[in-house]
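Asker: Letter by letter, the chains look like this.
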Amino acid sequence: MSVSVTPKAARQIRKALDQRGCGYGLRVAVKTSGCSGYAYALEFAEAPSPDDLSFESEGVQLLVDARSLPMVDGTQLDWVREGLNEGFKFNNPNATASCGCGESFAL
Amino acid sequence: MALLQIAEPGRAAAPHQHRLAVGIDLGTTHSLVATLRSGVPIVLADAEGRTLLPSVVHFAEGGEVIVGHAARALAIRDCRNTIASAKRLIGRAPADIAPGTVPYDLCAIGPSAVGVATRAGVKSPVEIASEVLRVLAQRAEAALGGPLVGAVITVPAYFDDAQRQATKDAAQRAGLNVLRLLNEPTAAAVAYGLDTANEGVYAVYDLGGGTFDVSILRLARGVFEVLATNGDPMLGGDDFDALVVRWFCRQEPRFEWREQDSAALNAAARNAKEALSNDDSVTMRCERSDGASQMVRLTREVFENETQALVERTIAPLRRALRDAGLKAAEIDGTVLVGGATRMPQVRRVVTAFFGCAPHTDIDPDQAVALGAAIQADQLAGNRSASDAGLLLLDVCPLSLGLETMGGLAEKIISRNTTLPTARAQEFTTFKDGQTAMSIHVVQGERELVSECRSLARFTLRGIPPMVAGAARVRVTFQIDADGLLSVSASEQTTGVHTQVEVRPSHGLGHDTVTEMLRSAIDGAEADASARMLREAEIDARSLLDAVDGALLADAALLVPREQFGILCAMQGVADLLEQCGAGEGGNPAERKSLGADLRRATEALNSATADFAGRRMNSRLREALSGRHIDQFAPQGQP
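Heads up: the protein sequence lines correspond to chains A and B, in order.
Just so we're aligned: the first sequence equals residues 1 to 107 in my numbering.
Just so we're aligned: the second sequence equals residues 1 to 640 in my numbering.
Each hint should be verified, as a subset may be incorrect.
Claimed, not checked - To list a few chain B residues with every Cβ distance to chain A over 12 Å, as calculated:
| # | residue |
| --- | --- |
| 1 | 6 |
| 2 | 9 |
| 3 | 74 |
| 4 | 124 |
| 5 | 193 |
| 6 | 270 |
| 7 | 449 |
| 8 | 473 |
| 9 | 595 |
What the hints assert, rightly or not - SDA-like mimics (lysine to any residue), calculated; alpha carbons at most 25 Å apart, straight line:
| # | chain 1 | residue 1 | chain 2 | residue 2 |
| --- | --- | --- | --- | --- |
| 10 | A | 15 | B | 6 |
| 11 | A | 31 | B | 411 |
| 12 | A | 31 | B | 382 |
| 13 | A | 31 | B | 139 |
| 14 | A | 89 | B | 382 |
| 15 | A | 31 | A | 2 |
Bear in mind the hints are in silico, worked out from the structure with no lab data behind them.
We put the beta carbon where it would ideally sit given N, CA and C, even for glycine.
Using the sequences provided together with the hints, build the complete structure.
Answerer: Dropping the structure here:
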């Protein structure tokens with residue numbers, strides 16, 4: 001069980017943490033909402049909580065709570081530029097469908 | 001795929017919300033709940049993976065309410081406190097329910113509802129149905145992980161206003177927001193995507209656990225119209241099981257089965273029936289409560305012979321539905337099978353032979369109705385833009401709705417087959433001078449006379465300022481929402497006095513009654529027309545008499561000698577004829593016609609006798625209004 005980030009994503013995460021000035025790492029979570037059932041959330045993490053699993057990838061600490069983990073297991077987080085947009089992209093092998101707008105996905 | 005940004009803890013933006021909405025098939029024997037996931041409708045299962053929830057509610061001794069499989073298991077042991085077909089009772093008046101329909105202790109709750117006496121007190125069918133709905137709602141919220149925005153609940157096409165309202169009440173009691181009630185056959189057609197076909201006439205053959213319904217639907221420009229419904233409320237898959245049980249017990253006459261084994265026998269029969277839909281033969285085994293068991297081999301051939309009569313019983317309703325719709329079997333563009341019992345190959349053969357084309361069967365017949373409801377619920381909850389599948393289903397109102405006018409005539413406001421939802425308004429006025437209240441009587445039916453129509457509600461608009469007859473303007477608005485429920489409001493336009501009523505009809509209309517009312521409207525058309533003409537003549541005569549009476553009192557001074565005598569004679573003539581009308585109420589159409597003509601002539605005579613008098617009254621009023629004013633005051637505005 002693991003999640004990972006690409007070198008490009010890791011660079012962006014470190015940059016964001018530096019700008020913020022504090023923070024332990026990045027929390028990757030899955031919420032049940034959105035039009036296809038589930039949606040991703042990316043948040044800064046101050047510290048791991050008891051039911052978190054912690055992964056280190058490219059020198060970045062990633063936290064995933066135990067409930068979300070099965071749904072994002074094997075996911076690689078990438079940083080991409082699409083036209084004028086830049087942001088994180090989930091390459092999730094568990095997702096079978098994502099909605100047209102891409103904000104949510106199904107398993 | 002949208003690109004994400006990192007958010008502060010707990011501040012991650014929620015994606016655009018999927019509004020959770022479900023479709024619920026509230027069935028006589030089983031109920032289901034379905035929803036749309038990733039654009040695909042699916043039926044939601046309980047924790048044990050079962051999708052069908054038996055529509056059975058058990059009131060246990062400790063005050064606990066048990067719903068579903070556990071309740072069904074208790075039905076044999078404690079049948080009085082286990083209610084299995086609340087749907088047969090919902091919205092029905094005591095008089096509607098034929099004895100023997102259900103095996104419970106029924107008691108009347110008022111004139112328009114029944115209750116079932118249980119150990120937890122008298123339970124109304126609305127309360128019982130709401131228990132089933134509550135379990136389904138909980139199942140959906142657990143599966144979807146959030147509160148439901150609303151639900152579409154299906155009802156048989158022949159459900160009347162009272163039954164629909166009661167179903168809606170049950171949903172509200174269960175904490176569900178009803179987006180819409182949808183006709184079951186319409187829902188099944190939607191599940192099959194027939195709503196995306198352009199036009200056509202479809203037959204929906206619904207053989208459920210305990211009831212058989214056939215509906216003929218016409219789809220035209222996004223409007224589903226139920227052309228006809230028919231069926232057999234006492235025919236379903238359970239009857240097939242019962243025949244298998246009887247056959248099974250006959251095989252070993254020496255092997256004795258007792259009352260308490262019937263649940264095991266029924267289960268064995270149901271399993272055998274279901275297996276025979278796929279296999280040519282099955283070994284039917286049933287264990288008695290003392291451990292002894294019996295085993296018999298049942299072939300599909302034997303099964304089909306045993307149950308042939310039941311399948312054939314569905315043919316007559318099919319014929320009647322087609323006849324009511326005025327169609328031939330060959331004119332049906334497609335058929336849809338609904339209900340678990342339509343899995344039986346012999347049922348499919350019969351339907352294929354009857355309509356001459358193979359029915360649609362790709363959707364699980366147990367689920368089709370719930371899936372269609374889920375699709376509709378998703379649209380109504382606003383999860384789809386109008387552009388991608390903006391078709392909203394419309395139904396039509398089965399009987400005209402109107403109100404009673406003077407003389408017991410029915411004035412139609414919303415005519416039959418108007419698509420729903422709809423709102424129509426019409427203006428009425430007062431009949432007598434100084435009338436300050438107006439009684440509004442809402443009726444349903446196609447006949448011209450109120451006495452021949454069904455009374456739905458009565459209410460009174462008060463506080464109309466005293467005016468001369470005909471001066472008040474009362475606007476009566478009829479509104480039917482998409483569930484087919486009616487609300488009526490009345491307001492006096494000059495003063496804004498307003499009153500309104502939600503119609504909860506005191507008495508339901510079965511689909512037979514609807515047909516009967518339509519038929520009598522056609523048969524009685526001539527009689528109705530003559531009666532209407534006579535009534536109208538009567539009303540005109542009475543109103544003229546009143547007016548002349550008032551005028552004679554007010555302006556006797558304006559009468560010229562001898563004129564008064566002529567007027568009085570003419571009045572007497574009209575009054576005599578009116579008296580005859582009152583006495584000859586039951587006369588035949590020809591008599592009514594001639595009486596009406598006489599009355600018209602007499603009214604005409606009175607009119608001409610008073611013409612000069614009326615003219616002088618008018619002049620005198622004008623003089624009063626003009627006297628004492630200078631001619632300049634009447635000059636057209638804007639001129640020197």
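Asker: State for each hint whether it applies.
Answerer: Hints and how they fare:
1. Consistency note on residue 6 of chain B: stated as away from chain A, yet its beta-carbon is not over 12 Å from all of that chain's, at 5 Å minimum.
2. The claim that residue 9 of chain B is not at the interface with chain A is violated, since a C-beta of that chain comes within 12 Å of its own (minimum 5 Å).
3. Every CB of chain A lies more than 12 Å from the CB of residue 74 of chain B, the least distance being 35 Å, so the non-interface label holds.
4. The beta carbon of residue 124 of chain B sits about 36 Å from the closest Cβ of chain A, which is more than 12 Å, so the claim that it is off the interface holds.
5. Against the 12 Å criterion, residue 193 of chain B stays outside the reach of chain A, whose nearest CB is about 20 Å from its own CB.
6. Every CB of chain A is more than 12 Å from the CB of residue 270 of chain B (nearest about 34 Å), matching its label as outside the interface.
7. For residue 449 of chain B, the shortest C-beta to C-beta distance to chain A comes to about 55 Å, beyond the 12 Å cut-off, and the non-interface label holds.
8. No beta-carbon of chain A comes within 12 Å of the beta-carbon of residue 473 of chain B; the shortest separation is about 50 Å.
9. Listed as outside the interface, residue 595 of chain B is consistent with that label: its C-beta sits roughly 70 Å from the nearest C-beta of chain A, beyond the 12 Å cut-off.
10. Simply put, residue 15 of chain A and residue 6 of chain B have alpha-carbon atoms about 11 Å apart, close enough for the 25 Å limit, and the pair holds.
11. A hinted pair counts as satisfied when its Cα atoms are at most 25 Å apart, and residue 31 of chain A with residue 411 of chain B does not qualify at roughly 57 Å.
12. A hinted pair counts as satisfied when its Cα atoms are at most 25 Å apart, and residue 31 of chain A with residue 382 of chain B qualifies at roughly 21 Å.
13. A threshold of 25 Å between alpha carbons decides the hint, and for residue 31 of chain A with residue 139 of chain B the separation of about 19 Å falls inside it, so the pair holds.
14. Between the alpha carbons of residue 89 of chain A and residue 382 of chain B the distance comes to roughly 28 Å, so the proposed pair goes past 25 Å and is violated.
15. Restraint check: the Cα-Cα separation between residue 31 of chain A and residue 2 of chain A comes to about 18 Å, which is no more than 25 Å; the hinted pair holds.
The earlier numbered hints that this structure contradicts are 1, 2, 11, 14.
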